[in-house]
Amino acid sequence: MKVKQFCDSILIENPKVFSLPLCLDCGQAFRWEQNNGIWHGVVKNKVLNAKEVDGGVLFYTTLEDYNSIWHDYFDLARDYEKTLVDFKEDEKLKQAINEFCGIRILNQDPWEALCSFIISQNNNIPRIKGIIKRLCETFGEPLGEEDFAFPSPQTIAKLSLDDLAPLRAGFRNKYILDAAQKVATGEVDIYGLKNMSIETARSELIKIKGVGEKVAECTLLYGCGHINAFPKDVWVKRIMQEMYQDGLPKCTDGVKGIAQQYLFHWRRNSKLFENEK
DNA sequence: AACCAGGCGCATA
DNA sequence: TATGCGCATGGT
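Going by the working numbering, the first sequence opens with residue 37, and the numbers climb by one from there.
In silico DSS-like cross-links for lysine-lysine, where the CA-CA straight-line distance does not exceed 30 angstroms: (1) K165 <-> K80; (2) K273 <-> K307; (3) K292 <-> K243; (4) K38 <-> K130; (5) K292 <-> K52; (6) K80 <-> K292; (7) K52 <-> K82; (8) K82 <-> K165; (9) K128 <-> K307; (10) K130 <-> K87; (11) K130 <-> K118; (12) K38 <-> K52; (13) K243 <-> K230; (14) K273 <-> K230; (15) K273 <-> K245; (16) K292 <-> K165; (17) K40 <-> K118; (18) K250 <-> K82; (19) K38 <-> K82; (20) K87 <-> K165; (21) K245 <-> K165; (22) K52 <-> K40; (23) K273 <-> K169; (24) K52 <-> K87.
Estimated spans, in silico, between C-beta atoms of each pair: (25) M279 <-> L179: 38 to 46 angstroms; (26) G290 <-> E100: 28 to 36 angstroms; (27) G248 <-> Q131: 26 to 34 angstroms.
Hint data in this document are derived by calculation from the structure and do not stem from the laboratory. A virtual CB, placed ideally from N, CA and C, is assigned to each residue, including glycine.
Whenever a hint applies, use it, and build me the whole structure from the sequences.
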């Protein structure tokens, strides 16, 4: 991945597998917004503006922040080109990749991923985004302008159900509180999950009320670097039933999370399935 | 106006 | 182990 530094920005030169809209609006992160081609978002206490230009992807940031945050966040050290070549042995994955090449798995903050996917349960994406936006605006640290950090587990842990009511998250409020409390006390070592086996990390996460198999897998995949985690929501279950009755093909071994994201996005957005809505 | 949404906890068998 | 139901809210 070649990088060029300018006075106010960093250019990722002609990446083969990196699309901002696909990465930032494929249902893995909920806080990015696009205006006039500029993608705007907040990660850890840093704001980023980025856009696609002739010659690559431009990040308006310093080399220092690129190296310490954005390179990792966008998973730029991983060779997706090679993985996708392997995936194309499978006819269905090949179609998904041909239509939506450019998705990468984001390395989000584990607490934000946990909290976001607790909110996601039995919910739809537009409403998930709204709840998370209100959560950040109400309880997150202001970062100037219109930006807010994602509120820390310590901050949420001090709140009551009544405090959370304005989020309009419904029955999920009690789950958000339980998660914040278990993380804040250290009962669940959220920042340690990255270095645990995926099995151990799963068993840690499901100690939290409102965290079952699906939310745990999402947290592991999007927040803990466990690239083989495989969340099965209604769309992925649909695909598995329709196309993979005998399980995923061997070419996805070790990186099932990437396969999951391509299949999920394909099944939801491809014209091939539009008659099924 | 129903049906559904990136599910989960709980009761029951 | 395996179903089935209720849950808060609002998008489509």
